[in-house]
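Converting from the sequence shown to my numbering requires adding 5 to each position, the first position being numbered 1.
No lab work stands behind these hints: they were computed from the structure.
It is possible that part of the hints are untrue.
Under the rule of at most 25 Å between Cα atoms (straight-line distance), these lysine to any residue pairs were calculated in the SDA-like manner [unchecked claim]:
#, residue 1, residue 2
1, K201, Q174
2, K246, K201
3, K201, R58
4, K285, A41
5, K47, A325
6, K231, W217
7, K127, F249
8, K47, W17
9, K47, L258
10, K246, A13
11, K47, G141
12, K231, G19
13, K285, R268
14, K285, L258
15, K246, P38
16, K246, N80
17, K231, D259
18, K47, Q26
19, K127, G141
20, K238, C218
21, K246, G19
22, K285, Q313
23, K246, G141
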Amino acid sequence: MIPTMNFASDNWAGAHPAISQSLLTASAGFSEPYGASALDRKIERQFNELFEREVAVFFVSTGTAANSLALAAVNRPGGVSFCHREAHMLEDECGAPEFFTHGARLAPVDGYNGKIDPDNLKAEIERFPPNFVHAGQPMAISITQATEIGTLYQPEEIAAIADIAQRYQLPLHMDGARFANALTALQLTPAEMSWKLGVDIVSFGATKNGCWCAEALVFMNPAQAKDLPFIRKRAAQLMSKSRFIACQFEAYLDDGLWLELARHANAMAARLQNGIANSKHTRLAWHAEANEVFAVLDQAHADRLQQQGAVFYPWNPPRANPDLVADREVLVRLVTSFATQAEQVDAFTELLG
6 MIPTMNFASD NWAGAHPAIS QSLLTASAGF SEPYGASALD RKIERQFNEL
56 FEREVAVFFV STGTAANSLA LAAVNRPGGV SFCHREAHML EDECGAPEFF
106 THGARLAPVD GYNGKIDPDN LKAEIERFPP NFVHAGQPMA ISITQATEIG
156 TLYQPEEIAA IADIAQRYQL PLHMDGARFA NALTALQLTP AEMSWKLGVD
206 IVSFGATKNG CWCAEALVFM NPAQAKDLPF IRKRAAQLMS KSRFIACQFE
256 AYLDDGLWLE LARHANAMAA RLQNGIANSK HTRLAWHAEA NEVFAVLDQA
306 HADRLQQQGA VFYPWNPPRA NPDLVADREV LVRLVTSFAT QAEQVDAFTE
356 LLG
């Protein structure tokens, strides 16, 4: 029997047993609602320890909510936020950031390898001169770590963008839906990959890495989040039984589980990438650095793999690399998770031939 070969996305995976147990434990008895429980407060303190400073933490249910409310917190009239042209918040959040900021715009910035090019960023910001009311005004910069194509901003690249953000007095947001995967791949601490490089706000994702429904919006400067309690409530993201998010983070962060799960997902991606590199019938689109692998296949071969039980998504080629895919070829995305097993990877690469 061929093992399950599901590489569609890490959000297809279930919850880690420790997370499931935490939910069961938290379901007993009574507890203060709306983030007031002892457990909620405990996890907020744990985030302070995690980031090595006092931070403001707000639990939300989805990454889209985290990203959208991050921008809402720094919103300005006629506001414009800058992100990569293929950023998740621009292409895959159905206008939620614009909706929750009441019409602030997302300005796309080009760059290779899924990363904002600093020179392009400066040029885009300069398109909005101060006090030119017709253009609007810059309000934030957002980077995605790991990126939408599985690459990573290196520390010096984050610092370069943070320098531009500071020059223009713009907060720098990090979409960290796969924060743990990036962190373990770079062998950094949360502080070293965020505020120590100049990041102001982090969307701290856990759902893709073994949780059921747990995302956190983390402000490195609590004063910057003074309106967030009201913004979150208005957005219907203040959970009544918030302990069920807090308990997931308790298990997730306990004894480094979150890092262990991310390392496993990354290791499975490396194994998958090696199998693709050795295949005669496909080729790697670029080098994967976290837990997303991209490959170019003949369309007929991709169809056969899916008929044989492999699950994956076709993917649009990056605009910066329009000649990547030839006629009758397809770019596919293959994502590994904490639940991916080596035999599943090996079964898939064997089918590749």
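Hint check:
1. Distance restraint check for K201 and Q174: the Cα-Cα separation of roughly 17 Å lies within the 25 Å cut-off, and the hinted pair is therefore satisfied.
2. As the CA atoms of K246 and K201 are separated by approximately 33 Å, the hinted pair breaks the 25 Å bound.
3. Of the pairs offered as hints, the one joining K201 and R58 holds, with about 11 Å between alpha carbons and a cut-off of 25 Å not exceeded.
4. With a C-alpha separation of about 57 Å, the suggested pair K285 and A41 falls outside the 25 Å cut-off, and the hint is violated.
5. The hinted pair formed by K47 and A325 fails the criterion: a straight-line CA distance of about 45 Å is larger than 25 Å.
6. Of the pairs offered as hints, the one joining K231 and W217 is violated, with about 28 Å between alpha carbons and a cut-off of 25 Å exceeded.
7. A distance of roughly 42 Å separates the Cα atoms of K127 and F249; the hinted pair therefore is violated under the 25 Å criterion.
8. Between K47 and W17, the direct Cα distance comes to roughly 29 Å. Violation of the 25 Å bound is thereby established for this hinted pair.
9. With a CA separation close to 12 Å, the supplied pair K47 and L258 stays within the 25 Å bound.
10. Restraint check for K246 and A13: the C-alpha separation of about 31 Å exceeds 25 Å, so the hint is violated.
11. Note on K47 and G141: the hinted pairing is violated, with a Cα-Cα distance of about 41 Å set against a maximum of 25 Å.
12. Note on K231 and G19: the hinted pairing is violated, with a Cα-Cα distance of about 35 Å set against a maximum of 25 Å.
13. Straight-line distance between C-alpha atoms of K285 and R268 comes to about 28 Å, which puts the hinted pair past the 25 Å bound.
14. A distance of roughly 41 Å separates the Cα atoms of K285 and L258; the hinted pair therefore is violated under the 25 Å criterion.
15. For a cut-off of 25 Å, the pair hint linking K246 to P38 stands: about 5 Å separates their Cα positions.
16. Pair hint K246 plus N80 does not hold up; C-alpha atoms about 28 Å apart against a cutoff of 25 Å.
17. Note on K231 and D259: the hinted pairing is violated, with a Cα-Cα distance of about 29 Å set against a maximum of 25 Å.
18. For the hint linking K47 to Q26, the alpha-carbon distance of about 18 Å falls within 25 Å, and the restraint holds.
19. Of the supplied pair hints, the one linking K127 and G141 holds, its CA atoms being roughly 16 Å apart against a limit of 25 Å.
20. Using a Cα cut-off of 25 Å, the hinted pair K238 and C218 holds, with the two alpha carbons roughly 18 Å apart.
21. The hinted pair formed by K246 and G19 meets the criterion: a straight-line CA distance of about 21 Å does not exceed 25 Å.
22. For a cut-off of 25 Å, the pair hint linking K285 to Q313 stands: about 18 Å separates their Cα positions.
23. For a cut-off of 25 Å, the pair hint linking K246 to G141 is broken: about 39 Å separates their Cα positions.
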